[in-house]
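Protein chains: 2
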Amino acid sequence: MPTRQNLPLSPGILSIIPILYVAWSDSILSPSEMQMIHKNISQLDFLTKDEKKYILAFSDPKSPPSEDVFRQWQKALRMAASSVSPAKASSLVSLGLEMAKTSIDYKKDELYNSPETIQSLIDLQAAFGVNTKESTRILLGYDVAQEESQNNYSFDPQVMAGILDGKNAAIKNEMRKLLRDPYFAHQTIVNKEDYRQRTLDQLKTLAKHGYTSYAFPKEFGGLGKEGQHIAIFETLAYHDLSLTVKLGVQIGLFGGAIAGLGTQIHHKKYLDDLMNMRLLGCFAMTETNHGSNVRGLETTAIYHHDTRSFIINTPHELAGKEYIGNALHCHKAVVFAQLIINGSSKGVHAFMVDVRDEQGNLMPGVRVEDCGYKMGLNGVDNGKLWFDNIEIPKENLLNRYGDVDDSGVYVSDIKSDDKRFFTMLGALVTGRVSVGLAGVSASKVALTIATKYGLNRKQFAAKEGEEERILMDYPSHQHRIIPLIASNYAYGFALDDLAHDLVQDKDHKNRRLIESKAAGLKAMATWLATDTIQECREACGGKGYLAENRFTDLKADSDIFTTFEGDNTVLLQLVAKGLLTHFKKSFHDGGFNSIIRYLGGQISHKFSELNPIYTRNTDTQHLSDRDFHMEAFAYREKKLLYTVSQRMQNFIKRRVDPYEAYLKCQMHLLALAKAYVERLALKSFTRRLETLDNSPEKRVLSKVCDLYAIHILLKHKGWYLENDYMSGVKTKALRRLENKLLQELRPDVEGLVDAFAIPEELLGAKIVLYN
Amino acid sequence: MPTRQNLPLSPGILSIIPILYVAWSDSILSPSEMQMIHKNISQLDFLTKDEKKYILAFSDPKSPPSEDVFRQWQKALRMAASSVSPAKASSLVSLGLEMAKTSIDYKKDELYNSPETIQSLIDLQAAFGVNTKESTRILLGYDVAQEESQNNYSFDPQVMAGILDGKNAAIKNEMRKLLRDPYFAHQTIVNKEDYRQRTLDQLKTLAKHGYTSYAFPKEFGGLGKEGQHIAIFETLAYHDLSLTVKLGVQIGLFGGAIAGLGTQIHHKKYLDDLMNMRLLGCFAMTETNHGSNVRGLETTAIYHHDTRSFIINTPHELAGKEYIGNALHCHKAVVFAQLIINGSSKGVHAFMVDVRDEQGNLMPGVRVEDCGYKMGLNGVDNGKLWFDNIEIPKENLLNRYGDVDDSGVYVSDIKSDDKRFFTMLGALVTGRVSVGLAGVSASKVALTIATKYGLNRKQFAAKEGEEERILMDYPSHQHRIIPLIASNYAYGFALDDLAHDLVQDKDHKNRRLIESKAAGLKAMATWLATDTIQECREACGGKGYLAENRFTDLKADSDIFTTFEGDNTVLLQLVAKGLLTHFKKSFHDGGFNSIIRYLGGQISHKFSELNPIYTRNTDTQHLSDRDFHMEAFAYREKKLLYTVSQRMQNFIKRRVDPYEAYLKCQMHLLALAKAYVERLALKSFTRRLETLDNSPEKRVLSKVCDLYAIHILLKHKGWYLENDYMSGVKTKALRRLENKLLQELRPDVEGLVDAFAIPEELLGAKIVLYN
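In order, the protein sequence lines correspond to chains A and B.
In terms of the numbering used here, the numbers along the first sequence are unbroken and rise by one, the last being 771.
In terms of the numbering used here, the numbers along the second sequence are unbroken and rise by one, the last being 771.
Honestly, I wouldn't trust all of these hints.
Note that the list lumps identical chains together, so a pair holds whenever it fits in one copy or between two copies.
For lysine-lysine, the following DSSO-like pairs were computed, each having C-alpha atoms within a straight-line distance of at most 27 Å [to be verified]:
# : residue 1 : residue 2
1 : Lys269    : Lys346
2 : Lys463    : Lys653
3 : Lys509    : Lys225
4 : Lys639    : Lys715
5 : Lys638    : Lys653
6 : Lys732    : Lys638
In case anyone wonders, no lab produced these hints; they're calculated from the structure.
Predicted, not measured: the structure shown is a model, and the values here were computed from it.
Excised from the complex, chain A in its bound form:
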């Protein structure tokens, strides 16, 4: 029996402090928890009315306890910890009941010891989402956790998770916690209307919890944390890609266009409403006849100076906006149209156009059509939009880069139409980084499921009667899964670095380079996602085909990633153009003449004959040497750049039209772009390794990096052999080294996917949950 100590808190509150403390230590209450708490609180008969009020006050995620209150709780807990016997402190409930006894007001012993009270507290504990194991972990420091994580891995997956998560680990963990809530539990919803409604509801819930405000400046009600916004998007992609994309449309595209292309008047008018879901919007850029070729959009916005207005019009059926997310739910659209003034077009600009009134009735002159069922993302309401001569006030032009002045003259700080157009398109860069990251997230989910299944599933024995072999012990299975883990580590690091660079680049000084990297990494990461998810699905056999095991949605939802937010093949051509001009010229379409002219003196890299000792060096130390990897990657990129430049110059010398010359080299340019992006990924991986002190994590991570590098070198062994960069003995030695690495990584493979730190609820796969 502990000594009574005079605490200023009532016994009821004391009994609940362990639960409150743990709930708030975990920093976030989820929607279901809130709901449950409010429901449960009335059942706590042993509490006074004031005590109930006290607890309710601390069950609103938007009103965390003040530091003083939190310190008071800590003090009470510390006192209890010293006096309560460890046996009694084994659960939050019994600890709380012991603490209640320390209050000076503690009287009704029988009330606090009744089975009803204990059950009520257990329910409350559940409502707060604090399960005993984790709670104890938090209360007692991390001793339990460390004990638990002692698997047979050579490293600690939790530490590795920190390395993977990078600078935004905190918000990512907060999202993980939020998304584990049953409210977000995976469901197979085949009816699109139901799925869209749920997606909209969940988006509103995210807004209620403040997760839609990170991207916007503080002065307009946002949190001004773009990096964390990207991290939220990335983590949301573990859960449901419809919700992720819907958030992307509302916040990234619609909100992003207003923030990026509008001026203060628009920011004030719209941002707060849109981040709080009072204003739903869509981003009406793509038209049926013009997808990749944005410059060719046909929707017009003709300026009328007499009325100080624009007339927005869809000139013909196939100039309608298509695939527009949020089309069925939105109030307003940011419409991209040719700004025409005095009969001449100033190029594509963005305009705010009303689509529906507040009651959801369609505005006159707007026609909307559902895109119907899609391969995936059926929680997103994609539609088509047509505008029939709709008049909008002049102020609805998002006028940051181009405007019509009071005298009716078009004005812009950017003189070149080309440059203005590409500056406006720059608004897409965050979307591309985000989609790349979402692709990696989807891959991580697939890899976690397939790896855990592959470690559990057995099939075939060496001899009849012997135990069957674990799938992951088959070399074929290791070859399917582990190089994909390594590649996703690499692209995860590269995109994380890029997101960081993007956020840092406030003055747009490195914009050209960042846009190129975003285009390239988006393309390669989303193709990697398609390949990864497919391989993982097949690696799970029939189980992988059942909707209950998640691949159905992962595959179908992520499939569009390769062609939206920029078609991958088109994006890689932009990257190649950037490389040709060392990112000095506009890297978007057009301008071939100038690019070719630019090539003239710029690229004169000579490739000397390689030393045969080098090309035939099969020493393991050499083959595992990061410098060798980096050099081999760089050599390929440089030589592709050099040879394609030469080819194009030769075409020009023979007076071939520059565009035709470009087409003749198209496959060569695509190979160059891919080589560049593969090197970027290796560079980020290497850089991340350099930041680490020697540790078990660094050791295994270095092997994963080796595997990525060697896997890519082997993928291109034909090229390296063709170009005499390596001899056959060397490529064969690399293959042996890859096999060796796979065997070495095999015991750590579960740790490597555990480091993705995707909670089981978020994986949402029965084959994992029931393992």
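Start from chain A and add chain B according to the hints.
Coordinates of chain B only, in the frame set by chain A:
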């Protein structure tokens, strides 16, 4: 005005003869047509009651007109053709009306010339599914058709279609005609119950038209045309893969097991009922814990001699049958279980077990659970099945290869348990050939849609103001699409040849080789399908993501092909084992010791140094030489076989356990199997070319074959360079040649997909229909 001629037919009948004749020339009436005819016939006021009866009699697809009647019609038509002016013969209706006038009974001129009559006849013509263009084609020979097909291709797609369709062109065309019927029109049905019901209804319709009877012997009510059965399956895969798979389960697996593993008693009892859908059945082989490893199945069938019965039992939850198609609809199951007699197991055998009574009530002791939503094939009712000590009579053992005699002793003509097991599994071979073909069919649909879209869609111009360029004119687009067309041509030929070999192999003399080929071609063709459909979807951008454009279903439905009917990776290992033993030993799992022993003296192929003139020969004639292709393919296969045999022998010499030795070489074995299958495809392609006389079709087909060969050689250029079979100058020359072939085939690309002869209704893609 034609001269009246005394014909024995009444004017009403004469007026309809052109329609009847064309309908029956086309040889098949579809379900919608039948329904429409019955509906329309009452509206034909100008017909007498007898005339109506006459027509009704000829609108049942199961009662074709006799040869005499048909000849009578022909005679009437021929007479009319000579007398009716061509202008009047421009439609079936006007021709019919002119013919009516030739009857001796022709009186009521005004009746036959009334607008109502003409409209009625036009409606009837539509009901019979004979549209004027096609009808005229049939009546006037093929003149119109030839005129129509004069596109800009260098060859005639219709002739090419005949080459692709091979020996079973007639039944394939019959199926194409049937499936164009609106009854089979594509729908997006997201609710699985609705989709399953529709699939079951369509299967019953196929049965009503007799398309489920081809696989079975005539003596039991079938048509005894297995080759045509496979062709039906293949063509059905253009339409809906759920229906295709459902047919495969009912006829191929359930029916096939009874036909192949049962004896006359079972054939008599079940075959007629099952081909007419009075008896629905499932094929309960796979268990949750045992998929690929069929030999390890845990369901037991214990023989009790006192009651002359077996007790079928699922020993534990995870020994339940899983993924079983038709599980929710079936009356009976063929259950694969360990036959246990006097306490010892005789291995896996098949048993007839009642699942539901005729009213659809579940039998006692059977538990069924829905597999729920799947990635695709949601029209197939896959489920799980558990059996709780169900007693079945001894006769329910499908006893062709093993039986229990009257004294209760197990007897079998096949002494070796191993051999018996693999003989029984041989029943799966037709399924594998069929699935491979269905994979190619799905690819063909995807390629047709993507090619037509790529020829219609424009994006980006060289300069602003110029016309945008057709997607298919971009080299990147040609590289995406055309090699896949070539590969699907190759695998189509190989599978067509294999299906033919299978049907010919009545005495099972070539069984081992056919099984190997089926395993290998199934694996490679279904992976090709996955790749093809994915590439085609991406090549259509956002349009490819909409359900209305077919890729949604194609991709999701065909995805399981890579892991069902034998997991592809497992199948390729069987192929490799077959190669190691020259198809002399059982190629299924197990038996490694003997395979390794077998290797001893068998493989001693020596690889002499290659002539450097050969390895560096970049002459176009040499690179396009079929002998060079065949030799290069064969060299790779032989060398892989030689080196893997050597490696395994070396392991054995070092006393490595044979199974471990096999695992160490697993990736090598997989490469060998793939090389073998790639060569098979080239060989079939080459053989098909050799059967053709010189013609435009042969010319273009030869280029397609070049492209397939060179595409595969380039895919493996790393290997060829590593093994000094080719030098870098040669692989680079091959790449140039591939580019040249793509350009040469570009003008013919639409013809190449038109040769798949998939009617637009069957493509079911809006982007094609509205082009």
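>> Tell me the numbers of any earlier hints that the structure contravenes, in ascending order.
In response: none
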